[in-house]
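S.K.: Residue strings, one per chain:
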Amino acid sequence: MWCQQINMNDLNNTASLAIKDASSIKLEQVCLDIQGKRILDQLSFSTKVRRLGIIGRNGSGKSTLSRVLSGLIETKSGLLEVAGVNPFNDRKAALQEIGLLFQNPDHQIIFPTVLEEVVFGLRQLGEKKKQAEQIAKETLATFGKAHWENVHTSALSQGQKHLVCLMAVVAMQPNLIILDEPFAGLDIPTKRQLQRYLDKFPGSLIHISHDPGDLNDYDQLLWLESGQVAALGTPEEVLPKYLEEMHKIGDSDDISNLAH
Amino acid sequence: MISLTSPIETRAHHWSAGLKLGLLCATTLGLFFVESLIFHSVFLLGVIALYAMPGKAFFISGWQHLKMLWPFILVVAVWHLWTQEFALGATIIIRMVAAVALANLVTMTTRLSDMIEVVRFLARPFARLGLNTRALELSIALVIRMTPVLVSKGQSLSWAWKARSNKRSGWRVILPFTVLALDDADHVAEALRARGGLTNMEKK
Amino acid sequence: MEKNLTYTALFAALIAALGLVPKITLAFGVPITAQSMGIMLCGTILGAKRGGLAVLLFLLLVALGLPLLSGGRGGLGLFVSASGGFLIGWPIAAFVTGLIVEKWRSASLAVVSTVASILGGIVVMYVFGIAGMAIVLKKSLPDAAMLTMAFIPGDIVKAVIAGLLTSAIAKARPASVLSRAA
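Chains as they are written, first to last, in my numbering: chain A, 1 to 260; chain B, 1 to 204; chain C, 1 to 182.
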């Protein structure tokens with residue numbers, strides 16, 4: 001359990017951060033079709049870093065990749081290994097290793113109160129009700145949100161909902177959290193506050209974004225284009241090429257093209 | 001959203017939808033007044049012939065739709081084998097299959113737009129009684145538009161469940177699902193109002 | 001008013017969506033779809049008139065040939081098959097369910113919705129369903145009723161769930177529960 005002084009109102013509960021070993025990702029010739037359209041095309045890459053960013057245009061396959069890496073959808077072919085297991089086949093290991101944060105918290109929050117939402121994942125991991133509630137309350141306290149226990153999730157602001165989703169995932173203590181455009185549509189202060197919570201996570205993060213500004217400090221960036229790797233390297237290596245390409249496309253008019 | 005109209009063009013695709021529906025109603029009603037097993041068998045053969053005429057693909061497609069009748073066929077067959085009323089059992093099964101097959105044939109050979117025309121036609125006399133026909137048309141369009149949107153949201157919620165649980169997503173997911181539908185209803189109402197709403201904007 | 005229209009249409013879409021997602025497992029491992037629960041919710045949340053209209057709209061689209069019934073089924077054939085009676089009973093079931101929720105205010109919403117779902121979503125629906133089966137399968141009403149008995153326990157579970165859901169939805173979006181808006 002990672003505890004950290006986050007702001008002056010938090011509980012004084014500091015413990016040393018136990019930095020976890022980076023999660024390894026390996027994909028070889030992974031293909032995925034959705035309704036006849038090829039979304040992931042012979043995708044191959046291998047990496048093992050604590051902070052991986054995935055960038056690309058909308059429609060490049062980033063969201064689909066997040067679902068594949070967390071084992072929610074089945075690939076058509078190819079080798080897929082996250083932290084040594086195939087997350088689709090080995091759901092049990094996947095649930096313990098990998099957490100996923102969706103883009104829209106309204107499509108993710110299932111329960112009416114904050115505590116129930118956080119407890120859910122813990123019960124699914126096998127914790128008994130009392131234990132699960134205890135861990136959930138501890139998680140809330142770590143984030144300084146002990147007073148959110150009985151709050152109705154539908155009464156929260158967008159940023160607060162994002163935080164609830166994050167807490168629900170963190171409570172399950174995964175080694176890897178995949179974030180699918182977690183800051184979409186948030187205002188600057190909320191984004192900065194959520195970013196701070198994210199930065200403290202001792203495990204690995206895979207952060208999908210179309211905004212390179214979020215990923216400047218990351219260890220590695222994967223640039224996905226049409227379901228294939230356009231580039232994989234440090235931000236210094238990848239970002240300039242990415243930005244140049246994005247601006248070039250922006251000067252064109254491919255928005256007129258209809259999908260086949 | 002794709003309708004069940006067959007993409008394989010037949011002559012029936014061009015016949016008047018109203019005529020087809022009218023004939024279907026009359027024929028189906030008639031079927032339930034006839035008792036003869038021979039009549040029903042011949043009739044069913046005729047319907048099967050109609051399915052075969054446009055070709056193999058059409059026939060197979062039609063067969064897929066009829067497969068859903070198997071539990072009823074099984075129940076009736078077992079029942080009547082037990083009571084030894086073979087002829088009656090056969091009549092029931094054959095008549096049901098023929099009626100469903102004929103109705104399905106109309107569905108497969110009638111375009112959605114033609115069907116909506118029939119609805120429009122049938123709704124006209126009710127307009128005088130206060131039925132808002134424009135609202136009806138809008139509603140139909142809205143359901144067709146919003147069903148895939150809701151399905152996609154429901155899929156996201158199921159995934160959000162699957163990302164944290166090995167068990168099948170239970171009924172609990174229906175709570176946020178319904179809330180999303182209610183929110184969408186509010187948003188679309190707002191958008192409608194912003195574009196003139198249901199007030200009659202036609203120039204007299 | 002626009003809200004009447006959009007609420008009706010969105011719930012018709014919701015019934016369709018519930019035919020595909022989520023797949024639920026009953027306690028005994030039997031997979032079911034939530035579509036019939038959607039009918040109950042139309043009544044408990046939208047009330048009698050709008051709830052009935054939503055289901056009617058849904059059926060109209062199924063009749064027009066859209067694959068909105070669970071499993072991607074649709075078309076006119078469904079209305080003349082042995083289960084056709086159930087389809088015809090759906091809008092009336094939603095109407096009765098909604099009527100009970102609108103009129104009975106003295107108990108908790110969860111209890112009222114559950115009872116309403118049983119009386120409307122089960123009793124009324126089965127009356128029409130059994131009648132339909134009796135006609136198509138040429139059986140007496142008691143015989144036809146017997147054939148449907150196996151599904152009733154599952155439907156009662158659904159009615160209870162519908163009651164709980166209605167209560168939870170009322171807490172999340174009190175202004176949207178039109179059955180209690182007056």
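For the record, the hints were derived by calculation from the structure and aren't laboratory data.
These numbers were taken from a predicted model, which means no experiment stands behind them.
For glycine and all other residues, C-beta sits at the position ideal for the given N, C-alpha and C.
The reader is advised that the hints may include incorrect statements.
Unchecked claim - Chain A regions said to be covered by chain B (calculated; three or more residues, Cβ under 8 Å): (1) 104-117; (2) 233-240.
As the list claims (entries may be wrong) - Here are the computed lysine to aspartate or glutamate pairs in the EDC-like style, where the Cα-Cα straight-line distance is at most 16 Å: (3) K3(C) x E85(B); (4) K3(C) x E190(B); (5) K167(B) x D106(A); (6) K171(C) x D183(B); (7) K153(B) x D90(A); (8) K139(C) x E190(B); (9) K138(C) x D183(B); (10) K139(C) x D186(B); (11) K3(C) x E35(B); (12) K138(C) x E85(B).
S.K.: Each hint: holds or not?
M.R.: Status of the hints after comparison with the structure:
1. Note: the segment 104-117 of chain A has 8 residues with beta-carbon separation from chain B under 8 Å; the three-residue rule is met and the coverage holds.
2. Here the segment 233-240 of chain A counts 0 residues with a CB under 8 Å from a CB of chain B, which misses the bar of 3, and the coverage is violated.
3. Proposed proximity of K3(C) and E85(B) is contradicted: the alpha carbons are some 55 Å apart, above 16 Å.
4. A C-alpha spacing of about 8 Å is found between K3(C) and E190(B), which places the hinted pair at or below 16 Å, so the restraint holds.
5. About 21 Å separates the Cα atoms of K167(B) and D106(A), which puts this hinted pair outside 16 Å; it is violated.
6. Between K171(C) and D183(B) the CA atoms are separated by roughly 14 Å; this keeps the pair inside 16 Å, and the hint holds.
7. Distance check on the hinted pair: K153(B) and D90(A) sit about 25 Å apart at the alpha-carbon level, beyond 16 Å; violated.
8. Proximity of K139(C) to E190(B) is assessed by CA-CA distance (about 51 Å); at most 16 Å being required, the pair is judged violated.
9. Straight-line distance between C-alpha atoms of K138(C) and D183(B) comes to about 46 Å, which puts the hinted pair past the 16 Å bound.
10. Taking the CA atoms of K139(C) and D186(B), the gap is about 47 Å. The hint is violated against a cut of 16 Å.
11. Between K3(C) and E35(B) the CA atoms are separated by roughly 50 Å; this puts the pair beyond 16 Å, and the hint is violated.
12. Of the pairs offered as hints, the one joining K138(C) and E85(B) holds, with about 12 Å between alpha carbons and a cut-off of 16 Å not exceeded.
Hint compliance for this structure: hints 2, 3, 5, 7, 8, 9, 10 and 11 are broken, all remaining hints hold.
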